[in-house]
Amino acid sequence: MIQFFQIYKTYPGNITALINISFKVEQGEFVFITGPSGAGKTTLLKLIIRAERPDQGEILVNKRNIARLKNSQIPSLRREVGFVFQDFKLLNNKTVYENIALVLRAMGHKKREIPKRVRQVLRVVGLEEWVMKQPPLKLSGGEQQRVAIARALTNTPPIILADEPTGNLDPDLTVDIMDLLEKVNTLGTTVVVATHDTNLVAKYQKRTIPLYKGNVVG
Amino acid sequence: MGAGYLIRRTFGVMKENGATHVLSIATIAIAFFLFASFLLLPLNFTSFIEAWEKKVQIILYLKDGVGEKKVLQLTQELQREEGIREARYISQQKAMESFQRDLAGYGGLLKGLKQETFPASFEITLQERFRTPHRIRSLAARLDKIQEVEEVQYGGVWLERFSLFLYTLRWGAWILGGILIVIIVSVTANTVRLTLYNKRGEIEILKLVGATDAFVKLPFYLEGGLQGLFGAGGSILLLFILFHFFSLKVSPYVNLYFGQLHLYFLPPNLIAWILGIGVIAGLLGGLLSLRKPARI
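Sequence lines, in order, name chains A and B. Sequential numbering from 1 applies to the first sequence in our numbering. Sequential numbering from 1 applies to the second sequence in our numbering.
No lab work stands behind these hints, which were simulated from the structure alone. Heads up, some of the hints might be wrong.
What the hints assert, rightly or not - Within a straight-line C-alpha distance of at most 25 Å, the following computed PhoX-like cross-link-like pairs (lysine-lysine) qualify:
| hint | chain 1 | residue 1 | chain 2 | residue 2 |
| --- | --- | --- | --- | --- |
| 1 | A | K111 | B | K15 |
| 2 | B | K217 | A | K89 |
| 3 | B | K199 | A | K138 |
| 4 | B | K217 | A | K111 |
| 5 | A | K46 | B | K217 |
| 6 | B | K199 | A | K111 |
| 7 | B | K70 | B | K114 |
Go ahead and model the full structure; you've got the sequences and the hints to work with.
So this is what it looks like as structure tokens:
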């Protein structure tokens with residue numbers, strides 16, 4: 001569950017990102033955050049994982065008030081929230097297996113558990129075992145985004161945030177990735193997708209939180 | 001995070017920027033080599049001084065005409081003097097005999113020499129704890145004030161200067177050491193910073209997926225420490241090779257001119273200190289470069 005209470009955020013140089021934002025996303029819900037570039041979508045997602053702090057207001061994520069979270073508590077928050085990026089953010093000097101294994105190691109998984117877990121999450125996102133030994137750049141854009149989603153799912157987080165996850169993909173692959181996120185959602189994971197793609201929002205018929213110049217509109 | 005995994009990750013990070021790390025370790029090694037050399041030189045010169053100190057004696061040359069009674073009195077006075085182990089009187093006659101014995105091969109030249117030519121003297125050997133340049137000098141100055149004494153010789157003026165040189169060298173080593181530590185910290189900090197820059201993508205991902213600060217930062221601290229350790233270790237190895245070469249090839253010639261010279265390499269405790277300083281300076285470099293953690 002994610003809940004924003006009257007959130008304000010301004011960046012240095014008096015650049016207003018969010019103004020008086022309040023909303024609630026229930027456990028297991030699929031929500032689109034929509035709006036043009038500069039509307040405040042990415043800032044909103046960053047606030048959820050405490051990559052940014054609000055100037056004012058309170059944010060509850062899985063019953064934690066993250067605006068008041070201590071720095072030492074941030075890692076445990078982030079282990080409950082998977083993040084998918086537009087540019088995938090995969091390490092191109094490592095194989096697909098190493099990309100996912102590194103995250104599992106960082107989360108404290110034991111060495112012997114890792115190969116099994118990597119295979120599991122790759123199966124969930126529809127990738128075959130041969131991709132494990134490949135560097136990300138040898139895969140197609142859609143496959144890379146699947147690897148990124150697999151990485152976000154490694155710790156079976158209750159929430160997945162995706163920031164323009166289809167922004168770099170062609171229409172066919174966009175559908176594949178959105179179907180995958182929908183599948184993840186049906187397994188009980190809360191999914192929040194930030195996108196400027198109005199066609200996508202129209203196609204999937206989910207609840208939307210429309211942003212414009214830092215305000216919730218409509 | 002297990003120690004084995006931490007070490008593997010650290011070496012992985014270092015391998016990725018291999019050339020930068022090799023250069024950085026080489027720079028640290030050169031800095032430590034200078035420091036270790038400055039420590040090694042006084043160590044060996046000190047053993048040379050200690051050998052001299054064992055042989056040191058003071059010779060008091062007496063004025064002409066000092067009578068037997070006065071000699072006896074002087075002998076007693078000298079033996080009461082603090083720091084003197086033995087005061088042996090060498091009469092003019094004995095001095096001449098000794099001279100003739102030493103130059104026996106030049107018989108012709110020695111003809112006609114009279115014993116009055118040779119001054120009577122006292123050969124003074126010192127107690128062990130008085131065999132330091134400073135104490136010898138102060139004792140010699142006291143003895144020079146005796147009315148019957150013409151001249152005091154202790155052959156150690158140059159040694160005093162040499163001792164001062166060693167003192168300067170020793171202090172120089174520590175001052176140089178201080179400067180070198182600043183250099184090492186700065187070199188390590190810059191290399192770790194470069195690694196941080198190259199790994200910023202990985203750090204960002206690790207932080208976003210919930211890696212702890214320790215998981216993210218420890219390899220970089222360790223990287224700094226290892227650079228310091230390898231640099232210091234490399235410098236000791238280089239110094240040892242040069243020392244070995246000097247002992248084998250050069251020291252026989254040195255011995256020929258200066259007598260038996262015992263060469264010593266750095267003792268194990270000093271080597272441990274140098275390695276320890278290397279590790280601490282490296283860790284400090286790592287610490288400095290991570291002072292402002294990535295804000296993610």
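Here's how the hints hold up against the structure:
1. Under the criterion of a C-alpha separation no larger than 25 Å, the hint pairing K111 (chain A) with K15 (chain B) is consistent with the structure, at around 22 Å.
2. Simply put, K217 (chain B) and K89 (chain A) have alpha-carbon atoms about 20 Å apart, close enough for the 25 Å limit, and the pair holds.
3. Taking the CA atoms of K199 (chain B) and K138 (chain A), the gap is near 21 Å; set against the 25 Å cutoff, the hint holds.
4. Under the criterion of a C-alpha separation no larger than 25 Å, the hint pairing K217 (chain B) with K111 (chain A) is consistent with the structure, at around 20 Å.
5. Pair hint K46 (chain A) plus K217 (chain B) holds up; C-alpha atoms about 22 Å apart against a cutoff of 25 Å.
6. Annotation: proposed proximity of K199 (chain B) to K111 (chain A) holds, straight-line Cα distance about 23 Å (limit 25 Å).
7. For the suggested pair K70 (chain B) and K114 (chain B), the alpha carbons sit about 23 Å apart, so the restraint of at most 25 Å is met.
Against the hints set out earlier in the document, no violation occurs for any number.
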